[in-house]
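Engineer: Chains A and B, in that order, give the protein sequences. The opening position of the first sequence corresponds to residue 2 in my numbering, with each subsequent residue numbered one higher. The opening position of the second sequence corresponds to residue 13 in my numbering, with each subsequent residue numbered one higher.
Derived from the structure by calculation, the hints contain no laboratory data. It is possible that part of the hints are untrue.
[Claimed, not checked] Pairs of lysine-lysine residues, derived as DSBU-like cross-links and limited to a Cα-Cα distance of at most 35 Å, are as follows: (1) B:K66 / A:K10; (2) B:K116 / A:K10; (3) B:K116 / A:K39; (4) A:K19 / B:K116; (5) A:K37 / B:K66; (6) A:K20 / B:K66; (7) A:K54 / B:K116; (8) A:K42 / B:K66; (9) A:K23 / B:K66; (10) A:K37 / A:K23; (11) B:K116 / A:K20; (12) A:K41 / A:K20; (13) B:K66 / A:K19.
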Amino acid sequence: DTEVTQTPKHLVMGMTNKKSLKCEQHMGHRAMYWYKQKAKKPPELMFVYSYEKLSINESVPSRFSPECPNSSLLNLHLHALQPEDSALYLCASSQVYGGGSYEQYFGPGTRLTVT
Amino acid sequence: GIQVEQSPPDLILQEGANSTLRCNFSDSVNNLQWFHQNPWGQLINLFYIPSGTKQNGRLSATTVATERYSLLYISSSQTTDSGVYFCARNNDMRFGAGTRLTVKP
Chain A
2 DTEVTQTPKH LVMGMTNKKS LKCEQHMGHR AMYWYKQKAK KPPELMFVYS
52 YEKLSINESV PSRFSPECPN SSLLNLHLHA LQPEDSALYL CASSQVYGGG
102 SYEQYFGPGT RLTVT
Chain B
13 GIQVEQSPPD LILQEGANST LRCNFSDSVN NLQWFHQNPW GQLINLFYIP
63 SGTKQNGRLS ATTVATERYS LLYISSSQTT DSGVYFCARN NDMRFGAGTR
113 LTVKP
């Protein structure tokens, strides 16, 4: 099974709301990733978790707060977002992170609209 | 910074035609992936290819790591091949800007 699942598929939130995006994989992967993709642009890496520890934070604003409760789950907590944060948020996983690098598998994404 | 350049940016084909998409890197590549992003946003893995050639049905890919480029070949294109094709360098998961492919019936 090479599936990464994400919920919800769509999310509309106001600038004062708090919401969370969820990602799950059951491939036994120990690295998980969050990406942001604006329309007609490529995905951009936001965070990398390796063995449930945050390894990479690509200078993402603090209104985005990642969490990795266990090796299968990855959350992205959202608070006080701006309209320009509207985008497709993609989760991915790979066997491990770093070293020789490994194939990444992506979830279907959450399409976020901030009003 | 490290650049990942894809060409062409846009490509329109008639169904049944063949095409070649290119990905150039400004720095070394430990590993490379090709993806197809469908209209709903799902990134579908096509190839994980550090070097050499791989084939999967009508698609094949070749990476020449020493020359820092990779090619994706699509033969006998179908309308379902439409979408955006991305290459990404796995060292740092940096994506190219993509090639938007439209296959017309």
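Engineer: Does each hint hold? Answer for all of them.
Structural biologist: Hint by hint, here is what the structure shows:
1. B:K66 / A:K10: 33 Å, holds
2. B:K116 / A:K10: 29 Å, holds
3. B:K116 / A:K39: Given pair K116 (chain B), K39 (chain A) holds - Cα atoms ~26 Å apart, limit 35 Å.
4. A:K19 / B:K116: 43 Å, violated
5. A:K37 / B:K66: 29 Å, holds
6. A:K20 / B:K66: 42 Å, violated
7. A:K54 / B:K116: 46 Å, violated
8. A:K42 / B:K66: It holds: about 27 Å lies between the C-alpha atoms, which stays within 35 Å.
9. A:K23 / B:K66: Roughly 34 Å separates the two Cα atoms, so the pair holds.
10. A:K37 / A:K23: 14 Å, holds
11. B:K116 / A:K20: 41 Å, violated
12. A:K41 / A:K20: 25 Å, holds
13. B:K66 / A:K19: This hinted pair is violated, its Cα atoms lying about 45 Å apart.
Violated hints, listed in ascending order, are 4, 6, 7, 11 and 13; each of the other numbered hints is respected by the structure.
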